[in-house]
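> Same order as they appear, the protein sequences are chains W and F. As numbered in my numbering, residues 18 to 117 make up the first sequence, in order. As numbered in my numbering, residues 61 to 222 make up the second sequence, in order.
Check the hints yourself; a few may be wrong.
Stated by the list, open to error - Below, in silico cross-link-like pairs of lysine-lysine (DSS-like), each with a Cα-Cα straight-line distance of 30 Å or less:
#1 W:Lys27 with W:Lys110
#2 W:Lys27 with W:Lys105
#3 F:Lys125 with F:Lys138
#4 W:Lys30 with W:Lys110
#5 F:Lys138 with F:Lys149
#6 F:Lys178 with W:Lys30
#7 F:Lys178 with F:Lys138
#8 W:Lys30 with W:Lys112
#9 F:Lys138 with W:Lys27
#10 F:Lys125 with F:Lys142
#11 W:Lys105 with W:Lys30
#12 W:Lys105 with F:Lys178
#13 F:Lys125 with F:Lys149
#14 F:Lys138 with W:Lys35
#15 W:Lys110 with W:Lys35
#16 W:Lys110 with F:Lys178
#17 F:Lys125 with F:Lys178
#18 W:Lys27 with W:Lys112
#19 W:Lys27 with F:Lys149
#20 W:Lys112 with W:Lys35
#21 W:Lys105 with W:Lys35
#22 F:Lys149 with W:Lys30
#23 F:Lys149 with W:Lys112
Keep in mind the hints are simulated off the structure, nothing from the lab. Being a predicted model, the structure only gives us computed values, none of them experimental.
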Amino acid sequence: MIAQLNDIPKIVKAAEEKFAPDVIRIRYHTGFDWSGDPAIFFRVLLSDTASRPENLGHVADRVRRELRDEVLRLGESERLAYSTFRSKSEQDKLKDPQWE
Amino acid sequence: MGIAEELLALAGHLATSHSPTFEQAAFRRSVSTAYYALFHLLVGEAAQRWNGSAEAQLGLERAFKHNNMKEVSVAVSKGSWKTWSAEQKSVPRELLNVADAFIDLQEARHLADYDNTKIWTFTEADAPLTQARTAFENWRTVQTNPAPHEFLLALLIGKKRE
């Protein structure tokens, strides 16, 4: 399990590269979801263009599925992958350290 | 327009048409409402497939458990879900999308309703909303296929079969 979790940064880097420039960076932490199931929570910072309502659905669907599939591929089948999305301008305003 | 569609429209209204004074409350209600829109879409679809009285259909709808529905959706998402047929049916991409949306929206709903420390941005509220809209579209596309019928049954009685 530990070796598999150690591979998460590789997944993150690959997704950042695959979805650039829509995805600026991805941060994550592990823990448990609200139901108590083990989970990994990805925080995906998007460009302002990708975050526009007309683009967000398509971009978010692709990123979500990619991260979920890659976590499964690592053998982390017990861990659910959740992704949340924020735009660059929103983060510039909030300066939330968890998203830096 | 059914209640599920009304809830989805309301979620969109809450995310975009609010006073700045109530922004955080509006975002939270939008996310929560988007989850319940998908919940009621699936529960309503299941009830419609059962040829009982209106009262019996209401009773059937009340039998759905959120945790069972998540467990089945997780099995679909991970590719471990088994249909009741002797010959396993493949899960259409659209149904996979609906299952993923159910898992994500339920977690977002919990955060929106219970985690008062979280600050929501428009994008964080809009992403679940667009995910719910896409799930509705995907459900409409795939609903007449065999696998979604069994998916609805599984949502009611759980993922395990004897």
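> Hints first: check each against the structure and report whether it holds.
Right, here's what the structure says about each hint:
1. W:Lys27 with W:Lys110: Since the Cα atoms of W:Lys27 and W:Lys110 sit roughly 29 Å apart, the hinted pair holds (cutoff 30 Å).
2. W:Lys27 with W:Lys105: Roughly 23 Å between the alpha carbons, so the hint for W:Lys27 and W:Lys105 holds.
3. F:Lys125 with F:Lys138: Measuring from Cα to Cα gives roughly 20 Å; hence the hint holds.
4. W:Lys30 with W:Lys110: 25 Å, holds
5. F:Lys138 with F:Lys149: Measuring from Cα to Cα gives roughly 15 Å; hence the hint holds.
6. F:Lys178 with W:Lys30: At roughly 26 Å apart (the allowed maximum being 30 Å), W:Lys30 and F:Lys178 satisfy the hint.
7. F:Lys178 with F:Lys138: 29 Å, holds
8. W:Lys30 with W:Lys112: 22 Å, holds
9. F:Lys138 with W:Lys27: Holds, at about 21 Å.
10. F:Lys125 with F:Lys142: 19 Å, holds
11. W:Lys105 with W:Lys30: Within the cut-off at roughly 18 Å; holds.
12. W:Lys105 with F:Lys178: Given pair W:Lys105, F:Lys178 holds - Cα atoms ~18 Å apart, limit 30 Å.
13. F:Lys125 with F:Lys149: 24 Å, holds
14. F:Lys138 with W:Lys35: 22 Å, holds
15. W:Lys110 with W:Lys35: Status holds; Cα separation ~26 Å.
16. W:Lys110 with F:Lys178: 15 Å, holds
17. F:Lys125 with F:Lys178: 26 Å, holds
18. W:Lys27 with W:Lys112: 25 Å, holds
19. W:Lys27 with F:Lys149: Roughly 34 Å between the alpha carbons, so the hint for W:Lys27 and F:Lys149 is violated.
20. W:Lys112 with W:Lys35: 25 Å, holds
21. W:Lys105 with W:Lys35: 18 Å, holds
22. F:Lys149 with W:Lys30: 35 Å, violated
23. F:Lys149 with W:Lys112: 48 Å, violated
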